[in-house]
Every structure is written in structure tokens, then in C-alpha cells.
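Student: Protein chains in written order, with this note's numbering: chain A, 1 to 425; chain B, 1001 to 1479.
The set of hints was computed from the structure by calculation and includes no laboratory data. Glycine included, every Cβ here is placed at the ideal spot set by N, Cα and C. Careful, some of the hints might be misleading.
Unchecked claim - With beta-carbon atoms standing in for the labels, derived distance ranges:
| # | chain 1 | residue 1 | chain 2 | residue 2 | range |
| --- | --- | --- | --- | --- | --- |
| 1 | A | I104 | B | Q1374 | 36 to 44 Å |
| 2 | A | I408 | B | I1048 | 39 to 47 Å |
| 3 | B | G1216 | A | Y416 | 39 to 47 Å |
| 4 | A | I104 | B | S1055 | 39 to 47 Å |
| 5 | A | V222 | B | D1267 | 52 to 60 Å |
| 6 | B | D1438 | A | I267 | 32 to 40 Å |
| 7 | A | P156 | B | I1048 | 21 to 29 Å |
| 8 | B | G1140 | A | I408 | 51 to 59 Å |
The residues making up each chain are set out below.
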Amino acid sequence: MAMAADVPKDSFRLSMLIYDTRYRSYTIQIVVLVLFALAVAWLLNNTVQNLEARGKQFNFAFLWQRAGYDIGQQLVPYTNDSTHFRALLVGLMNTLVVAFFGCILATILGVLIGVLRLSKNWLVSRLMTVYVEMFRNVPLLLWILLSYVLLSETTPAPNAFRITDEMAAAGEAPAASMILWDSLAITNRGTNIPSPLFERGLGSADLGFMTLNLTFLALVLVIAASVFVNRRILVSARATQEDTGVRPVTWWKSLLVLFAPTIALLIAMGFHLEVPELRGFNFQGGILVAHSFTALLLALTLYTAAFIAEIVRAGIQAISRGQSEAAFALGLRPGRTMNLIILPQALRVIIPPLISQFLNLTKNTSLGIAVSYLDLRGTLGGITLNQTGRELECMLLMMLIYLSISLIISAVMNMYNSSVQLKAR
Amino acid sequence: MDQHFARTDMLPPMPPPVTERGAIKWGRENLFSTPLNIALTVLGVGIIWWVITASLPWWLNSVWTASSLGECRDIVAASAGEGATGACWAMIRQWWGAFIFGFYPPTEWWRPILAFGLLFAALSPVLFSGQTRNLTLILGVVLVFLVGTLWLAEAPALAFALSVALVVGLLALAQVRPGLTLWFTVAYPALCFWLLWGGSVWGPLVAMAGFAILYGVFRFGSPFIGLAPAAGAGVVAAVLWWLYLDVPVVNSLQSMLPFSLRSINSDQFGGFLLAIVIGVTGISFSLPIGILLALGRQSDMLIVKSLSVGFIEFIRGVPLITLLFTASLLLQYFLPPGTNFDIILRVIILVTFFAAAYLAEVIRGGLAALPRGQYEAADALGLDYWRAQRLIILPQALKISIPSIVSTFIGLFKDTTLVAFVGLMDPLKGVTQIVRADINWKGIYWEPYIFVGAIFFVICFGMSRYSMYLEKKLKTDHR
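Put together the whole structure using the sequences plus the hints.
Tutor: Below, the structure written as C-alpha cells:
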């Protein structure tokens, strides 16, 4: 009886590379790899030829040449004698500062709107729906341009704040006045905000490549230390609660630890606010925040908040009703139900899309070019690029920096995400 | 003795107390249930009141006919008193052509209008394959739209007659052989390109012939040399056609049968015409590329997977603006010396890649959400990879991801405004800047932004509502 196992053993044929699933994936991958390598080689070859034809070289030495242009908002010291690299750093800091404040403000506003949209109050939830739909369905660029135009064309000129002697005699008010207890002046040149000053500051240390503001450093250190001590207090309170079942009262300790050292340090260093004052034709003292920054921050916040509100709403709605009913059955009050039952679960749904909103916001800061905000795109990818004519280097470097920022943000947020995810056992 | 009393008839039910019915009950429950709610309601009413008192006079005092902002303000002051504010929509009346068409010559406006109308005629066979009733409906609406707008745009009589004849012909075809209307969809890209940019009719036709050659070689070669080699031979033949035969064939055909439209440069495009051209092309090309990238990212093949991941993460990691600048500044480095092709085309390519990377992630989510059993069942049925994807996996995965796909499309459409930064005239920054620089309208700011924003809102809001409708319609599970 012939055995079924007698099938003739296949010898390898060339057609098996295409028709045999065991080998086909290798064939496909090798073909793809070869095609990819050819494409890359073609692009590189073209680039080399084009560079030669234009008589350019591919190097980054231009970064150490004199920049020769001014930047309005600078968080690291910079003059027009500084290098292009320095300008890049200033631009990068400008990008990051908008992204940082934008993320924080958009999260606060977005969570507020998302929760209010779920409110039982008919009027409020409808208003929030209008807000969300209005901001989501209109391009961000419109909000940036509109806020900039409104800020710079409808606000009064500095001399509208002036009180002349005749006006004082007649008891008339000036055409415009400062807001927030006379500390903030919005003019058509920018927003004047009070600046923090220290009478007995610690000065700064020169580290050679950069100067370190010791006053600022001391503040950061003290705040970090108080947060750390506060965390220790909470941990020990928790341990006591686990042991004895009674939670020690900690709120006054926390308050004391969190605020007393910082306030003491501020008083010791002679902290006071310098309020902007109208002198001559303009406001003196304080900090002048350019409208390009305010408009960009405002528009990014309002726009991203609409998206975050939707994410928060979806996250809360994703938690089944049984959870809150069970919490009520246990006798928890609505506030505690939200804090202890709903939010920790909703957070797991909310965080991944929230990360991509933060990334979007960071990338959207590059729209600052519309209002001439000199961020990374405006310095490295704008003026530096135009002055030196090094499109290839500038664009590649800029993409690399944006890519690294994105990767860093998503790495940090993913770490946070994995810490709140359910630990599957 | 015992006495019993039993009620023999029911009491008529009392009406609920006044506070428990009608508007009062609704208000108590929805507006004033708790102190916090009362505060929120008061706040909400306050906000609405503030918005209305601040903007209602402005809307009511709108001026529709004036030749400059100063004249507008005089009219408002004359009619509503000194110091009153009023909208000046006269600006839109004067400039609407630029907002919609950019600097496209007004005598040729019928061409984008026709292309826009035919877009829906080309889409309907895809959306309603073989359903004569829906096809007729859409084509009828297109016909009415075209007749109306072409008449308003004062199209030349010949163009008017030809476009009406084209749509009527399609209508007739839809009655007889609805399946054949799909060929119109296939021909539409070339037709649209020719209508918008003009030039010789033979350019797009000969370029399309390349695809016909590809298909022909594949179709007739595959019985002899197998599927994959035939496909390769087809691609080679098509590329040879485009590289070497395209230009001479176009030239000789043009000299024999000169038939061309006035050619329009890309820098004359602008306004919503530009936004829609970039948006629609980007949307239709990014979906297939996005699907391929998503499948590549889910693939078992290491090289394919890592290339897809690299592409997706790179594109998603950089802002769109940098990609647009790549289109305008860097492509001249990456392409062979001397190549210089159209800026709109370059922008469309980069926008398509950008949207494709986002779509790939969205579709990957849909693929991952499918239960493992679906993949295994497809394998068990003996379907090969492409059949399994086409018949089992993708229909379900795409259905799950419809809301996110549509919001990516909305994002793409909104992002078309960013082309302003590479010198194209988008409706928002490009046209509005020109209007605001006009000496007559200097200092106008609410009206252009409200006008452009409203159009964007209508389109994007419509798209998101359509996706909700589609989602509901396609929902087949019984949970």
C-alpha cells in the first residue's frame, strides 16, 4: 500500500520565489529594499549635482557666523552681533515657551469646557457645544490672524492713557485706562505687564557658554524641595493610614511646606513688582509682551481647547453608568465619585489622544510666521535661511529639531500614560 | 354588624402641580436644579446678553452698497446716528470674485464652476454604484446647479451647451447602463485638470493613455508571463511612454487637431478655488496611500514595516509648514537638475503625504480594533492576503475608523490655508491681505474673516455631520 507520505520532495525552483508563501515575503522585502535604496541614491545623486551646479557646499559652518538681525522676544541673551546658532536657540526657546503655556492653558480650558458640555444645565451645555463646533470647524490660521488684528488695530495707542492737566482739572477720564488694578496696559504696541524685580537678588554666574540667573535658580530649587518634602509628608500620612486606619491631618503641614519657604525667600530677596507707567510717549517699566506672542498663544489655546474638550467629554462618557451608580450605592458624594471613581478611569481613555493634541499644538506654533512671531521657524527657517541661502541645511536642521521635540513630548507623555494605565495581572 | 365601604369609581387623576409640569418643570430640572446650576445659568444668560448687545446693532446696521470703508461708515452714521457701528458687507460684494476664484480671469470662471459641478457627477457613481435612482438625483441637482451658475457667470454659449449636453448625456447613460458611468469617474481627473489649467486637450489625454497602456500590457501579458511580471512590464511600458513618447505625441496631435482652452497659470489660482483643488485632490489620493501605509505598518515583513513606520513618524513629527517649505524650496534640490514643475502640484503632493501619514495611523487603529477572529476566519476560508484585506478586513476596519478619517479630511481642508506661506493665494491670508491692503478698505477686519470663516465652517461642519450620518447608517452590530 502506497503511503501518502510519498509525495515527491520539491526541489527549489526559481518560480517558488514568487508563488511559494515561504519565500515570497523575502522576495518582496528584497525588491522593496532595492527600490528604496535606488530611490535614496537617486535623490542623493540629484542633491549632489544640484549643489554642485549652484556652487554650494553642504555644511553647517554658517551657524557660527554673525546673524545681524534683531529678535523682539528673547529668553536667552541675544544681540544682532550673536551667531546664527544663538538665533536658533532664541527661536527654539520662543517656540517652546508658546507650546508650554499653550498646552497648560488649553488643558485647563479644555477640561472645563468638556465637563461643562456634559453639565445637566441645558443652556451651558448648548453654549459649550457652540464654542466647540465654532473653533473646531474654522482654520487655526483664521483665529491667529483675527486675534492679532483685533489686538493691534482695536486697542488704544499709549497716549490714549494720558491724563492731561486740563482733563484732571475738568475731572474727565482718559480715553483708555489700565486694567487689573492699574497693573496691565494693553496698547496697540503690545501688552505691558508688571515685571518681577528683586532688590537683593543673587546676581548671576557666568559659566562661559551661558550665564546662569542665580535668583531664578534659587527659586526653582526651593520650590522643588518643598514639593519633594510635601510628597514625603503625604507618603508618611498614607503609611500611618494603612497601619492604623486613621489618616493624620496634613493640610496645614502641606500648605506650610509648599508656600512658607518660597514666600520667605521672595521676601529675603526683596521681591516686588514693577508696574508699567506711562512716561513720555510710551509705557516704561514692566515687560512689553508683543501682540504676536499674545495672539498666537490666545488662538492656539482657544483652538486646541475645543479639541481637548471633545476628548475629555468622550473620555467621561466612555465610563459606563454602572460605575457611578455603584459609587453612589456605596454612599460616595458626587464630588468624590468624580475624583475617586470616574476621573481615574476616564484618564486612561483621555491621555493618548491628549498627547497627540499637545503634539499638534507644538507643531502648530510654527504658524506664528503669520503674525511674524520669531520662533524656530521664523529664525532658523526664516531670516537665517534667507540671509545665508542655505535652504537644505536650515530645513533639515529645523525638521530634525521639530522631530526631536515631538519625540521627546510623546516619550514623556507615554511614560505618564503607562503609569496611569490599568496594570493587567 | 359590619359595614363595608368600597369606592366603586376611581377619582379622576389630578393634574401635576404647576411646578412639576411644562416649562417650569423643565426649567427647574435643566436650568435651576442646584445653586451651582443657577449660577451657571445666570452666567450663560449674561454671556449671551453681552454678545447680543455688543454685536446686534453691528449686524442690523449692515451696509451692502458702498465703494469704500469710509463711505460705509458715513452711511451707518447717517442712518443709525453718530457713533453707531455697522458691518460693511459691500466689501464682500466688491471682492467676492477674488475670495472664490483668486485672480482666475473672470471670462473663464465657467471652467472651475463646470469642474466643480462635474466633481459631484464623477463622485456619484462611486458613492452609489449602480443605483440609478440616486445617480439620477445627483446628476439632476448637478444639472440645475450648472445651468444656474453658468448662466450667472455668463459662460460662452458653446461652453454652456457642451456642459449641459455632457451632464444630460450622463443622465441618459445612468438610465440605460448605470455601470458605465464609472468610466466618467475614471476620466474625470484628466478632464478636471484640462478645464482648470487649460492648454491643449491632448496633454491630459496622452498622459491618461499611459495608464491605459499599463493596463493593456498587464491584461494581455498576464496569461503568458504571469501576474507579477506582467504588472512590472506594464509599469515599465507606461513610464517609457511618459518619459519618451508623451511630448512628441502631444505635439504632433496638437499640430493636427489644435483644440485647446486658454491656459491659466498656477499663480492666478486663489481663494476657495485653490483650497478646494488642493483639498479634494489631497483627500482622494491620501486615502489609498494611507491604507497602504497602514497595511505596511501592520505587516509581518520587517523591511516593509520599518519603512512605513519611519515614513509615518517622520511626517507626523514635523509641522505641515516645514513640509510646504520643502515643496517650495527643497524639491529643486532633490529632483534632477532643470526640473521645475508646478507649485500647486508640488504642494498637493506634500499635503497628500501629510494627510496619508495621519490617515495611516487612524486606519491602523481600525485594523487593531478588529477581533483577531476576523483575520483567522479569512485565513481559514483560504483567502489570500489581498482578498482577505479587500473582502473581510478593510471594509470593517474602515467602517470603524470613519469618524477619525473624516476628521483627518476636515483637518486637511483647514490646513489648505497654510499654502499662503509658500506664496499661493489662499482665501484666508492671501486674499484677505490683498483686500486689507486696498486703499478703499484699509482697516476692515471683521467682515473678511467672518465671510471666509463662515464658508469654512459650513464645509467642515457639513463633512462632520455627514460622517455622523454615515456612521449611523453603516452600524450593523446589534449591541
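Student: With reference to the structure, classify each hint as holding or not holding.
Tutor: The hints, checked one at a time:
Between I104 of chain A and Q1374 of chain B the beta carbons are some 42 Å apart, a value that agrees with the proposed interval 36 to 44 Å. Look at I408 of chain A against I1048 of chain B: about 43 Å separates their beta carbons, and that is inside 39 to 47 Å. Between G1216 of chain B and Y416 of chain A the Cβ separation comes to about 57 Å, which falls outside the hinted range of 39 to 47 Å. Between I104 of chain A and S1055 of chain B the beta carbon distance is about 31 Å. The supplied range of 39 to 47 Å is therefore violated.
Separation of V222 of chain A from D1267 of chain B is about 59 Å and conforms to the stated range, judged on CB atoms against 52 to 60 Å. Distance hint check: the CB atoms of D1438 of chain B and I267 of chain A are about 57 Å apart, inconsistent with the given range 32 to 40 Å. Between P156 of chain A and I1048 of chain B the CB atoms are about 27 Å apart, so this pair conforms to the stated range of 21 to 29 Å. Look at G1140 of chain B against I408 of chain A: about 56 Å separates their beta carbons, and that is inside 51 to 59 Å.
Of the numbered hints given earlier, the model fails hints 3, 4 and 6; all others are met.
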